[in-house]
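Q: Here's the letter readout for the chains.
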Amino acid sequence: MSEAKTKYAVEMRGITKRFPGVIANQDVDLFVREGHVHALLGENGAGKSTLMNVLSGLYQQDEGQIYLHGKPVNIQSPRDAIDLGIGMVHQHFMLVESLTVTENVILGLYPTGLVINMKQIEDDIRELSNRYQLNVDPSAYIWQLSVGEQQRVEILKLLYRGAEILIMDEPTAVLTPQEADKLMNILHQMAQEGKSIIYITHKLHEVMGYADRVTVLRKGKRVETLDTENTSKDELACSMVGKEVLFQFDKADREPGEVVIQVEDLKVVNDKGLPALKGVSFEVRQGEILGVAGVAGNGQRELAEAITCLRPIKGGRVLVNGRDVTNCPPRDAINTGLSHIPGDRLGRGLAANLPVSDNLVMKVYRRPPIATGPLVDYKEVNSFSSRLVDNFDIITPSIKTPSRSLSGGNQQKLVLAREIDASSGALVAFNPTRGLDVGATEAVRRELLEQRDQGAAILLISGDLDELLQIADRILVIYEGEMMGEMAIEEADIDQIGLMMAGERQDNLSNSSNE
Amino acid sequence: MTETMIISLLTITVRAGVSLLYATLGEIFTERSGVLNLGVEGIMLMGAATAFAVAYHSNSAWLGLAVAGLVGMLLSAIHAFLTVTMQADQVVSGLALTLFGTGLSSFMGQRLGPGGTTMVGLQAPTFQRFSIPLLEKIPILGPSLFNQDILAYILYLLLPALWFFLYKTQPGLHLRAVGDNPTAADVLGIQVKRSRYLYTVFGGFLMGVAGAHLSMAYLQGWAMNITGGRGWIAIALVIFATWDPFRAAVGALLFGGINALQFRLQAAGTEIPAPFLNMMPYFFTILVLVFITWGESFRKRLGAPAALGNPYIREDKK
Amino acid sequence: MKIKFERRLKEAKWAVFVVPIVSFILALGFGGLLLLAFGINPVKAFQVMIQGSLGGRYAITETVVKAIPLMLTGLGVSVAFRMLFWNIGAEGQLALGGIAASYVALFLSDSLPNFLTLPMMVIFGMAAGAIWALIPALLKAYLNVNEILTTLMMNYIAILMVEYLYLGPWRDPDGYGFPGSAPFPDEAILPRLIGRVHLGIVFALIAAFIIWLIMSRMRWGYEIRLIGENPRAAKYAGISTTKNMILVMLLSGALSGLAGMAEVSGIAHRLYQGLTAGYGYTAIIVSWLASLNPWAVLFVSLFMAALTVGGDQLQVAMGIPAAVALVLQGAILFFVLGGWVFINYRVRIIRTTEATQVGELHD
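These protein sequence lines map, in sequence, to chains A, B and C. Under numbering that gives the first Met the number 0, residue 514 is the last one in the first sequence; the count climbs by one each step, no gaps. Under numbering that gives the first Met the number 0, residue 317 is the last one in the second sequence; the count climbs by one each step, no gaps. Under numbering that gives the first Met the number 0, residue 362 is the last one in the third sequence; the count climbs by one each step, no gaps.
Pulled out of the complex, with its shape left as it was, chain A reads as follows (with noise of 0.2 Å):
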């Protein structure tokens, strides 16, 4: 029995993981190899970061157990995993800017006791840095480094830790692709040494082409587990979509009639600086539901911000009942109509310590009945919030009542009665269903459906494919800030969704069948 465990560095077996509301992990098994470079496939909301982050410490699982080398351990935090020799290198990186590399390497550590022998820590970081050729210079500071080389600086401080089994988090989402590549040799060639390597991702040519077995999620369970050079993308892409649909809805069908949203060769940057929109174009018109596909960080915030002029647009044109929104202030957007729900509303979308009524009237207050000149008539604020709570079925003890003690679904409701009051015609949606519960994403979705049949253009964009093969009428797949294919909805093909959103393009699938 032993004897058939130890070949496994990592077993993680029947991991359950609960969340207020949410189940992020059931029931999954998960069986990694000394050497291996193995592959953590799945949509957002898979589970893949939880379950790492019980691995790495950060949470305690439920159920279940982890053994090392065949032998079971209890991880109570982050430090207990890299005793165990297991390190985690996140998306946001955990970097002290105005320190150096040596510096930041050995925080919390004692190599040379009180005081700090720089020489001969920098020796031994240089070392490490050639053996994996990292290319990290140590006395260099964080803030001259580029994000690449800050991802190494971070395995580096793994590695100095003695971190035998290391896990990466989304590692090419923030690299170029000379960079990741090269990020990729490195972890080749731990893995070669003995390493084991768990790879979150969900870009299949990255698990096609360096890993050695993959395990897919789906929803927080564990699909199937295969090695690499037996499967191939298509499979892989219909194992992480699957094929359920929760609820039908019955959609009227609708004439499509004027384009209201015309996008057109758009470029945007993202934080960073780096391309996050790479010249996507594509028309919503009226009393139809574009929905754009893809997953998480493929450029969708991007484009929710430019078109509604939170952003600024570096190419292309945004254009909104044909009047040119490119780059205009937020305040223009406005009133041309285009409304907005954002990704998070408790970041954009409220203010959190404020009444319901004065987040109602964000868009509004400027104009009569509500404002008359400088002045604000709050019985007017009041009889509109009532009203719009009325419609809307905002379940609230008071339009007066701070909005932050709304349960999420109400407060979702609360932006969406905003936005769809104040539009005249278009609406920008972003994950508009994000954390609800069932009864409010059913609720949001029905309220969509209902605002395209009354003749809106609505620009749907979402991670959840589901929700896009509910109520859009057309699908387009985002990857990497590029438009990697549309289709109507009737003709969705889910396996092609799949495979677009993990990176490819639609003109290359058609006719072949296996990869």
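Note that these hints are calculated values from the structure, not bench results. Every residue gets a Cβ at the ideal spot worked out from N, C-alpha and C, and that includes glycine. Possibly wrong hints are sitting among the right ones.
[Claimed, not checked] Derived pair list, reagent style EDC-like, types lysine to aspartate or glutamate, alpha-carbon separation capped at 20 Å:
(1) K313/A with D331/A
(2) K167/B with D122/A
(3) K234/C with D270/A
(4) K234/C with D122/A
[As the list claims (entries may be wrong)] A short list of chain A residues far from chain C (calculated; beta carbon distances all over 10 Å):
(5) T111
(6) M117
(7) N129
(8) L144
(9) V173
(10) D252
(11) E254
(12) K277
(13) G346
(14) D357
(15) S382
(16) F391
(17) I394
Since the structure of chain A is provided, determine the placement of chains B and C on it from the hints.
A: Just chains B and C now, kept in the frame of chain A:
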């Protein structure tokens, strides 16, 4: 200017800068851990009053100094407790400390003299100046630097020690990390809250000593507003020095020197009115601030603690 | 075992009232102990304080007089704080207001018809305070320079300017060496209403009304609130943070400048040393205690002023240092600061060191 004039100028400058530097160093360490302590003025006043009162009644200058340091630690511990544990607003807490310290020291000053009378005008054991035999022979620097009181000499040793601690030791490294990116430090196992407590209290100790220096060495007596705003100057100095101990020393000499010099300059009949000279340091500090913020890379290089002023709440971080 | 603070879903309403009251009582207890330690009867001392600040017409008018600058600066500071702009510079803005008003009184009043002198002083005073506040505002709005530190530095510069003026070029030639400027002509003096209470109280009341009007009835108030609560949402709603930062600071500085004008014109009748007595800092405390509500600012100002006046009375009547008032103020603040956490957080004692974070969904 003759050599004697230079020496006497330098001597006064150093004398004036000692208490300022103690306070500034204390605030530097506090702020490096991410805590803004605006109560420096209040702590210094309490340090001055306590040192003098204890010295007077116990006839021991050292005891006075020790108690002043303790009082500084206690007061800053209150600030740490309120801001780190109770997550209260750092600005308001610091101002409350100033109010409290100003009031209590004034109260003590009027009531801790013999038989419950005022301390003004009393004589107490002090730290006198003395010169160090060989070192005082060094041309110019000798008679000025090495003809000071014991607290100044301790400072000469303390300064490089603190610099070494900050930049060359592991705990100093952790301190720098905590102030700049507490989340990263936390994930790596460094105790953020404990560090903040520790360094705030340590800072308070130095501030108490700074106050003691005023009443026991520099001015040798008690008067109600004995600090004359030095606590606030120290806060400005921290920025001017970009949170670095040696630059703080330069700044303290500058500020202290200008302050002490104003009378000399007036006597020498210069055109620039004294208050304008006094204004220069504050003006320069604003310039430094603009410089640091504007040039992001400057800020990173000069090490302004990025997390200064924000309470660290682990729960909110996710 | 660890003590953890959990964010409450709603503000604990009871705490908003209970905390200040309990803090006050605890602070009184502390003050009482302090007095006892020095051999003073605390009950008698408190009685004298109450008598001196609220007992009788003279006492009350003195309290109001001391409250006026607090009210004005407190209002100014509270408006800035609403927008999360930490204006620590009220002291300097007040000083500049006093300087400007003094300038009019001393040098321009001759060329002005008498009835215009006071209005000009008001305008100059407010303008000077506004300009003084504008500099840190611009630095923050366009260069993102920390406003706590810039406003603090501006204070020093302002205080030194005042000192320079009344010791130097504006020194009273007949002053016999007392630090201060020449006294103002009659037309530059704010008329008194009751006792020493001057027209400044009317300014304060009007200012409170205006602030209240803005915050609760005007679009601008809504915008300020929104910026303070969620700047991203405000940007999304098309509100310009830069423009508002500057406007709000101009208003904030103007109010403190008005306070300075009121002090030199209504109380001292000259530019003098006591102008910079720390009102600007106390104003921060006042507005914080008042939770930024304009009417509460008036009330809390009276309260703080009562403590100060009571302290003065203590000195006069019992020879106890007036500084007791400062100690009490500091103590009240400490307790309130400590108690404030209970409004938004609940205390929980947990036994294990389990990480209890909620799952993070990918963006």
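Q: Hint by hint, say whether it matches the structure.
A: For each hint, the structure was consulted:
Proposed proximity of K313/A and D331/A is supported: the alpha carbons are some 18 Å apart, at most 20 Å. A C-alpha spacing of about 17 Å is found between K167/B and D122/A, which places the hinted pair at or below 20 Å, so the restraint holds. Only pairs whose Cα atoms come within 20 Å are accepted, and K234/C paired with D270/A is accepted, the gap being roughly 17 Å. Restraint check for K234/C and D122/A: the C-alpha separation of about 49 Å exceeds 20 Å, so the hint is violated.
With a cut of 10 Å on Cβ distances, T111/A stays outside the contact zone with chain C, its closest approach being about 29 Å. No Cβ of chain C comes within 10 Å of the Cβ of M117/A; the nearest lies about 32 Å off, and the non-interface call holds. Annotated as non-interface, N129/A keeps its C-beta farther than 10 Å from every C-beta of chain C; the closest such distance is 35 Å. Non-interface call for L144/A relative to chain C: holds, since the shortest CB-CB distance, roughly 23 Å, exceeds 10 Å.
Listed as a non-interface residue, V173/A keeps its Cβ farther than 10 Å from every Cβ of chain C; the least gap is roughly 12 Å. Consistency note on D252/A: stated as away from chain C, and its beta-carbon is indeed over 10 Å from all of that chain's, at 34 Å minimum. Look at E254/A: its CB is around 33 Å from the nearest CB on chain C, clear of 10 Å, so calling it non-interface holds up. Distance check on K277/A: its Cβ is at least 19 Å (rounded) from any Cβ of chain C, clearing the 10 Å threshold; non-interface status holds.
Here G346/A does not stay apart from chain C, with its beta-carbon only about 6 Å from theirs, under the 10 Å limit. Remark: the non-interface label on D357/A conflicts with the geometry, its nearest Cβ contact in chain C lying 7 Å away (cut-off 10 Å). With 10 Å as the threshold on Cβ separation, the claim that S382/A sits away from chain C holds: the shortest Cβ distance comes to roughly 16 Å. Distance check for F391/A against chain C: the nearest CB is about 19 Å away, which clears 10 Å, and the non-interface claim stands.
Non-interface call for I394/A relative to chain C: holds, since the shortest CB-CB distance, roughly 15 Å, exceeds 10 Å.
Checked against the numbered hints given earlier, this structure breaks hints 4, 13 and 14; the rest are met.
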